[in-house]
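Quick note on numbering: full-length UniProt numbering labels position 438 of the sequence shown as 438, and the sequence is numbered without any gaps.
Hints in this document: simulated from the structure, not taken from any laboratory.
Here the structure is a predicted model, which means the values were calculated and not measured.
Wrong hints could be hidden among the right ones.
Pairs of lysine-lysine, PhoX-like flavour, derived with a Cα cap of 25 Å [what the hints assert, rightly or not]:
#1 K50 / K81
#2 K173 / K320
#3 K173 / K15
Quick list of the computed label-pair ranges, beta carbon to beta carbon [what the hints assert, rightly or not]:
#4 L58 / D151: 20 to 30 Å
#5 S91 / T194: 20 to 30 Å
#6 D472 / K27: 30 to 40 Å
#7 E541 / I10: 45 to 55 Å
#8 A216 / C4: 46 to 56 Å
#9 T109 / T291: 27 to 37 Å
#10 N161 / K397: 20 to 30 Å
#11 S32 / M292: 17 to 27 Å
Glycine residues also receive a C-beta, built at the ideal position from the N, C-alpha and C atoms.
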Amino acid sequence: PNVCAVQKLIGTNRKYFTNCKQWYQRKICGKSTVISYECCPGYEKVPGEKGCPAALPLSNIYETLGVVGSTTTQLYSDRSKLRLEIEGPGSFTIFAPSNEAWASLPAETLDSLVSNVNIELLNALRYHMVNKRVLTDDLKHGTTLNSMYQDLPIQIHHYPNGIVTVNCARLLKADHHATNGVVHVIDKVIATTTNSIQQIIETEESLETLRAAVAASDLNSLLESEGQYTLLAPTNEAFEKIPRETLNRILGDPEALRVHFCSSLRHLLLLLTHHILKSAMCAEAIIAGLTMETLEGTTLDVGCSGEELTLNGKPIIANKDVLATNGVVHFVNELLIPDSAKTLFELAQESEVSKSMDLFRQAGLSSHLTGSEQVTLIAPVNDVFKDGLPTVDSNMKNLLLNHIVNEQLSSKYLYHGQKLQTLGDKELRVFVYRNNLCIENACIAAHDKRGRFGTLLSVDKMLTPPSGSVMDVLKADHRFSTLVAAIQSAGLTENLNRPGTFTVFAPTNEAFRAMPQGELNKLMGNAKELANILKFHVADEILVSGAVNALVRLKSMHGDKLEVSVKNNIIHVNKEPVAESDIMATNGVIYAVNSVLQPQASRPQERGDEPADPALEIFKQASVLSKVSQRNPRLAPVYSRILARMKENSGRF
Numbered sequence: 001p002n003v004c005a006v007q008k009l010i011g012t013n014r015k016y017f018t019n020c021k022q023w024y025q026r027k028i029c030g031k032s033t034v035i036s037y038e039c040c041p042g043y044e045k046v047p048g049e050k051g052c053p054a055a056l057p058l059s060n061i062y063e064t065l066g067v068v069g070s071t072t073t074q075l076y077s078d079r080s081k082l083r084l085e086i087e088g089p090g091s092f093t094i095f096a097p098s099n100e101a102w103a104s105l106p107a108e109t110l111d112s113l114v115s116n117v118n119i120e121l122l123n124a125l126r127y128h129m130v131n132k133r134v135l136t137d138d139l140k141h142g143t144t145l146n147s148m149y150q151d152l153p154i155q156i157h158h159y160p161n162g163i164v165t166v167n168c169a170r171l172l173k174a175d176h177h178a179t180n181g182v183v184h185v186i187d188k189v190i191a192t193t194t195n196s197i198q199q200i201i202e203t204e205e206s207l208e209t210l211r212a213a214v215a216a217s218d219l220n221s222l223l224e225s226e227g228q229y230t231l232l233a234p235t236n237e238a239f240e241k242i243p244r245e246t247l248n249r250i251l252g253d254p255e256a257l258r259v260h261f262c263s264s265l266r267h268l269l270l271l272l273t274h275h276i277l278k279s280a281m282c283a284e285a286i287i288a289g290l291t292m293e294t295l296e297g298t299t300l301d302v303g304c305s306g307e308e309l310t311l312n313g314k315p316i317i318a319n320k321d322v323l324a325t326n327g328v329v330h331f332v333n334e335l336l337i338p339d340s341a342k343t344l345f346e347l348a349q350e351s352e353v354s355k356s357m358d359l360f361r362q363a364g365l366s367s368h369l370t371g372s373e374q375v376t377l378i379a380p381v382n383d384v385f386k387d388g389l390p391t392v393d394s395n396m397k398n399l400l401l402n403h404i405v406n407e408q409l410s411s412k413y414l415y416h417g418q419k420l421q422t423l424g425d426k427e428l429r430v431f432v433y434r435n436n437l438c439i440e441n442a443c444i445a446a447h448d449k450r451g452r453f454g455t456l457l458s459v460d461k462m463l464t465p466p467s468g469s470v471m472d473v474l475k476a477d478h479r480f481s482t483l484v485a486a487i488q489s490a491g492l493t494e495n496l497n498r499p500g501t502f503t504v505f506a507p508t509n510e511a512f513r514a515m516p517q518g519e520l521n522k523l524m525g526n527a528k529e530l531a532n533i534l535k536f537h538v539a540d541e542i543l544v545s546g547a548v549n550a551l552v553r554l555k556s557m558h559g560d561k562l563e564v565s566v567k568n569n570i571i572h573v574n575k576e577p578v579a580e581s582d583i584m585a586t587n588g589v590i591y592a593v594n595s596v597l598q599p600q601a602s603r604p605q606e607r608g609d610e611p612a613d614p615a616l617e618i619f620k621q622a623s624v625l626s627k628v629s630q631r632n633p634r635l636a637p638v639y640s641r642i643l644a645r646m647k648e649n650s651g652r653f
């Protein structure tokens with residue numbers, strides 16, 4: 001009872017007093033925490049008893065400040081003559097800065113406060129107070145409390161992850177009751193806020209370019225209005241980093257930001273609203289990655305790494321938690337250009353497909369990715385090229401052209417069997433599976449990125465466009481010469497040449513050589529048996545390797561099931577490893593296997609779910625009953641009757 005859990009961030013003085021709902025996966029901003037337990041304030045241990053069962057008597061707010069460890073606030077309350085008030089009658093709430101919070105104040109700020117304790121320090125402390133008892137449950141998100149200094153507002157934010165902030169200062173210890181109120185310990189000394197977001201922009205020299213942009217785009221009234229916004233304010237430096245031609249392209253294109261105004265200055269509006277979040281987000285509330293919606297309707301990934309805040313994975317926030325009356329401002333040193341205004345090349349350079357871009361550039365195909373051509377780029381992720389980039393020759397250039405579809409698509413509208421035309425004049429097929437979406441042999445590896453003219457689809461491997469029917473592909477590969485002869489001998493050539501959706505597990509020459517010679521000769525000399533065996537290697541649906549998760553069952557043309565599984569990243573069929581996967585054909589897909597697969601009726605029975613020999617089953621039952629009858633004499637006649645039946649029917653088996 002009465003034990004509080006504390007998460008301490010390793011390597012820092014930061015602590016998070018939490019409850020069972022807020023464990024944050026034992027990490028804060030990617031750094032591990034150590035969990036410790038201590039008596040909750042107001043309670044203490046009793047020797048020989050569990051937890052902290054002894055409740056300390058309540059005292060007034062002044063004395064409670066000492067109990068919760070906020071001794072500097074207690075000291076300054078005494079010096080500023082606030083002590084008399086917080087020891088006396090009343091019902092107050094004080095947001096008491098921790099000792100570390102006071103120590104972290106700039107020296108000149110602290111000097112100005114302590115040098116004028118009766119006015120400056122007293123006013124600062126009274127701004128931390130509310131003239132009523134306010135518990136954590138009363139601290140609702142987006143509300144304000146009137147402070148005891150000129151009724152100036154204090155902004156409260158209560159986030160879904162359990163973090164509560166007061167003017168962007170985090171609550172460290174909450175709800176410590178006193179006889180005349182309640183004490184909450186916070187991690188900063190808070191200051192009065194009188195400027196709106198717009199007024200902050202107007203007074204900050206480092207936001208001069210933003211100031212002009214806001215004026216030109218008519219956003220002044222929004223940033224002056226009541227509300228709770230977060231402005232990710234690009235500094236002058238951020239604007240200077242953008243190449244002039246890029247900025248001109250965005251501002252000069254009436255569609256670049258999905259607007260239909262004619263004036264290029266108005267195109268700036270949605271660029272700027274991409275920097276405004278719909279709610280106030282203080283830095284202290286961000287303890288892990290989250291996605292937030294902008295006023296422009298796009299999303300930004302907001303996160304943290306150690307002490308740094310990140311936007312879309314980049315630590316580009318230069319100054320955080322500049323509080324305004326209508327929200328909070330974070331200064332950023334990079335302009336956040338929405339995907340809807342970017343070229344395919346820009347989208348790809350910022351994604352996990354940058355190595356693919358090197359290939360397209362070497363092949364001289366950059367113009368398709370930077371112009372106004374409406375295309376979809378199917379780009380392999382960087383892991384595909386972990387052993388280095390392939391040589392770019394005429395064949396590779398043609399292959400890369402077949403990674404560009406000549407229309408702008410979205411993966412959520414693709415459907416099974418859809419045909420996509422490429423710039424290389426090939427037709428690609430779409431396969432929709434339970435656990436994946438694939439284009440030929442390549443499966444989608446990440447969410448789409450939709451740019452101004454093109455869409456980026458990241459995939460898990462290089463595409464292999466089909467180059468002929470199943471029979472054409474087998475004939476062109478010397479590894480399958482024996483199989484081709486067998487198909488022709490069994491009269492199946494026409495089947496594998498016709499349009500269809502076949503998955504073929506193709507035995508290599510090596511597979512046939514591994515068979516006993518007598519068995520092979522017998523098989524090749526019996527066209528009907530050969531056809532049955534070959535049909536067992538063919539399923540009438542296309543299954544690419546990216547769709548195989550744990551186990552997939554296919555019905556073969558023979559009728560028996562084929563079991564396709566993956567183990568240690570190797571595809572297996574009926575527990576036999578596949579030598580090569582995803583050899584694409586216009587009417588199917590081929591897997592090379594180094595063994596000839598046997599249907600159920602052609603091999604010894606091994607599995608427990610196969611039909612059993614009835615005689616064998618009776619013997620098994622008889623054996624069991626014999627043992628039981630020895631233990632139970634009443635079952636002996638039953639056992640005798642079964643033996644008699646076996647003798648009568650022995651000639652039938």
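Hint check results:
| no. | hint | result |
| --- | --- | --- |
| 1 | K50 / K81 | violated (41 Å) |
| 2 | K173 / K320 | holds (23 Å) |
| 3 | K173 / K15 | holds (10 Å) |
| 4 | L58 / D151: 20 to 30 Å | holds (28 Å) |
| 5 | S91 / T194: 20 to 30 Å | holds (27 Å) |
| 6 | D472 / K27: 30 to 40 Å | violated (55 Å) |
| 7 | E541 / I10: 45 to 55 Å | holds (53 Å) |
| 8 | A216 / C4: 46 to 56 Å | holds (53 Å) |
| 9 | T109 / T291: 27 to 37 Å | holds (36 Å) |
| 10 | N161 / K397: 20 to 30 Å | violated (50 Å) |
| 11 | S32 / M292: 17 to 27 Å | holds (25 Å) |
Comparing the model with each earlier hint shows violations of hints 1, 6 and 10; every other hint is respected.
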